[in-house]
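**Q** In case you want the letters, here they are:
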Amino acid sequence: MINKIFVVLTIFTILLCTTGFAQKTSHFYDVDKEIKFTGTIQRILMESRYEEKAHFLILIVFDKKSGKTYTVEVSPVWFFSQDFHAGETLRLTGSSFTEGGVHHMIARQIQFKGKRLELRDKHGFPNWRGGQKKKQGIKKRKKF
Amino acid sequence: MLLNKMKRFFILAAAVFATFSWLQADSFSLVFQQSGTNNLFQNISEEPDQISALGFSLEKGFSPFSIFTQGQYSLLLQNPGLSLYSHDLGLDFLHVLSGKTALHLTAGLRGDFYRSDYRDFNSISLHMESSVKSYLSPSSILQAGYVLNYRKYRLSGFDYVSHQFSLAVDKHFRTQTTLKGEVDWGFKSFLHPFLPQNTPPLPEVPEGQKGKGHGFAHMNNPQIFFPEGRETLQDFHLQVLSFKGQVAQSISSLIGLKVSGLKQWTLSGRNPYTTVEEYYLIENPSYDRFSWSGYILEALITLLAPGDIQTELVYSSAVRTFPGIESLDSEGLPTGMDRRDRKNQFKVNLQKDFSRFSIHLSFVHIWNNSNDPFFKWGGNYLSAGIQWNMFFGK
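Quick note, the sequences are listed as chains A and B, same order. The first sequence runs 178 to 321 under the numbering used here. The second sequence runs 48 to 441 under the numbering used here.
If you are wondering where the hints come from, they were derived from the structure by calculation, not from laboratory data. Worth double-checking, as some hints may not be accurate.
Simulated crosslink set (BS3-like; lysine-lysine; CA at most 30 Å straight-line) [to be verified]: (1) Lys299(A) <-> Lys242(A); (2) Lys227(B) <-> Lys107(B); (3) Lys292(A) <-> Lys147(B); (4) Lys390(B) <-> Lys242(A); (5) Lys213(A) <-> Lys147(B); (6) Lys241(A) <-> Lys227(B); (7) Lys305(B) <-> Lys241(A); (8) Lys292(A) <-> Lys390(B).
Derived DEER-like restraints, expressed as beta-carbon distance ranges [to be verified]: (9) Ser177(B) <-> Val208(A): 38 to 44 Å; (10) Ser402(B) <-> Gly277(A): 18 to 24 Å; (11) Glu276(A) <-> Ser402(B): 27 to 33 Å; (12) Lys213(A) <-> Leu226(B): 26 to 32 Å; (13) Lys299(A) <-> Leu397(B): 43 to 49 Å; (14) Ser110(B) <-> Asp209(A): 27 to 33 Å; (15) Asp209(A) <-> Ile406(B): 38 to 44 Å; (16) Glu224(A) <-> Leu226(B): 24 to 30 Å; (17) Gln219(A) <-> Ala191(B): 24 to 30 Å.
In this text, a Cβ means the ideal position worked out from N, Cα and C, and glycines have one as well.
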């Protein structure tokens, strides 16, 4: 009987904690301004984008079709165990905006070399987890 | 006994959830994986089993720091004594030195806790890792890293401390080809590779089991890993050096190819144990990257199949010699040679990502040849899993 009470209390505690996770947060990704293009990386940078948050990986990508150069915000630096190089071709999907004459994109999806990286869900909420992230099941450490 | 362990598990899980709820974790994920094989212990005995694993991970960022924790419980169907719970807790630090260079540090604690049959392999480890990544030019990356690992087992004969240094540089060309070279040096020191004085003797080998060499009852009797009569502290270590070369070619955004070769030497030292064994998804302390010398060749194709299914096809061939591990013949008698294995492996990985979760499927076929007949084996491994992610940060 005591054991059953203990299990119920523990499950209740877990549920109580997880309800706190249900709150949605605002985001700057605008799904109505989503575009797709294939471009070539010109430069790779690491910059601070949001106050009190980790530096972001930024790609400067040239779209040959439109002739535009985009500053693409990818993700916090440490999410990526992928190594990007200038000259690599990417297929990008993301929310675009123009500020001060500069074309920007918040990337949602990057496709290259047969891989597809889902950075955000279809609503623009980030999918990444930080640090040298640990695969579940078979634990391997990836280099950032 | 089982209920007490479940109680401890729930207490730990509830405490972790409560802590990260209070801290308002940035991300949370759950993973369930179901795996099956016809050869769990990867030897001639071909013992089948199924493994069900349930795991979670939580992370909270306080730029430039991040704390993380993850836990996983793995339950084996045929060998429930090998079921285990493992938990990681750590701290990450990222510092961008310039627009092109970043420093990453991580420190963590990990615990692995097995059920009754494997409890001598329970362990606590402390690991620290540092790495620097810098763009030498927009198309060339330099990476350097160091890893320190200290691990203490319930059976102290497996305790060790290890150091690893690595240096890698790559260059991308206009032909969409990337060349990469990497050198790694590692040193592993076995702190006291002998059995405590009060260790009970090995049981008698039952009739019908003789001739199976060291495969008998290894999981219940870890003493089998230690030579008889070793009671004094000797300097056992392994020092290894490896070079790896890699060529990657992007065919299009849908297809990529990669070919790599690695050569590893044992510069000094030898394995202190009587055998080296590697199990499927269950760690055995006798086998790791320090325990062998030899080479590995690998070819990998990645492609985005119809339906946005990420597909990987991998073939690898490895030849490994285990310094200090003597091969035995079919009668269990030493041959006078170090054990040498040739392992060929073919793997298919499939992954489909959805909005908040992803599913994966993996199949591996392995055939291993060895100068020790106990390690001439073949095996199939099938795994399917689902991962659910949530992000709560701003």
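**Q** Holds or violated: Lys305(B) and Lys241(A), Cα atoms, limit 30 Å.
**A** Distance ~27 Å between Lys305(B) and Lys241(A) Cα, so the pair holds.
**Q** CB of Gln219(A) to CB of Ala191(B), is that within 24 to 30 Å?
**A** Distance hint for Gln219(A), Ala191(B) holds at roughly 26 Å.
**Q** Evaluate the given range 18 to 24 Å for the C-beta pair formed by Ser402(B) and Gly277(A).
**A** violated (33 Å)
**Q** At the C-beta level, are Lys299(A) and Leu397(B) separated by a distance inside 43 to 49 Å?
**A** Given range 43 to 49 Å: violated, Cβ gap about 22 Å.
**Q** Tell me if the beta carbons of Asp209(A) and Ile406(B) are separated by a distance inside 38 to 44 Å.
**A** violated (29 Å)
**Q** State, for the Cβ atoms of Ser177(B) and Val208(A), whether the hinted interval 38 to 44 Å holds or is violated.
**A** holds (39 Å)
**Q** Has the given pair, Lys241(A) with Lys227(B), been kept, meaning a C-alpha gap of at most 30 Å?
**A** Measuring from Cα to Cα gives roughly 28 Å; hence the hint holds.
**Q** Lys299(A) and Lys242(A): Cα distance at most 30 Å?
**A** holds (25 Å)
**Q** Between Lys213(A) and Lys147(B), does the CA-CA distance stay at or below 30 Å?
**A** holds (27 Å)
**Q** With respect to the beta-carbon atoms only, verify the hint that Glu224(A) and Leu226(B) lie 24 to 30 Å apart.
**A** Given range 24 to 30 Å: holds, Cβ gap about 28 Å.
**Q** Does Lys242(A) lie within 30 Å of Lys390(B) when you go C-alpha to C-alpha?
**A** violated (48 Å)
**Q** Given the hinted pair Lys292(A) and Lys147(B), is their Cα-Cα distance within 30 Å?
**A** Holds. Lys292(A) to Lys147(B) sits at ~24 Å (cutoff 30 Å).
The structure fails to meet hints 2, 4, 10, 13 and 15 from the earlier list, while all remaining hints are met.
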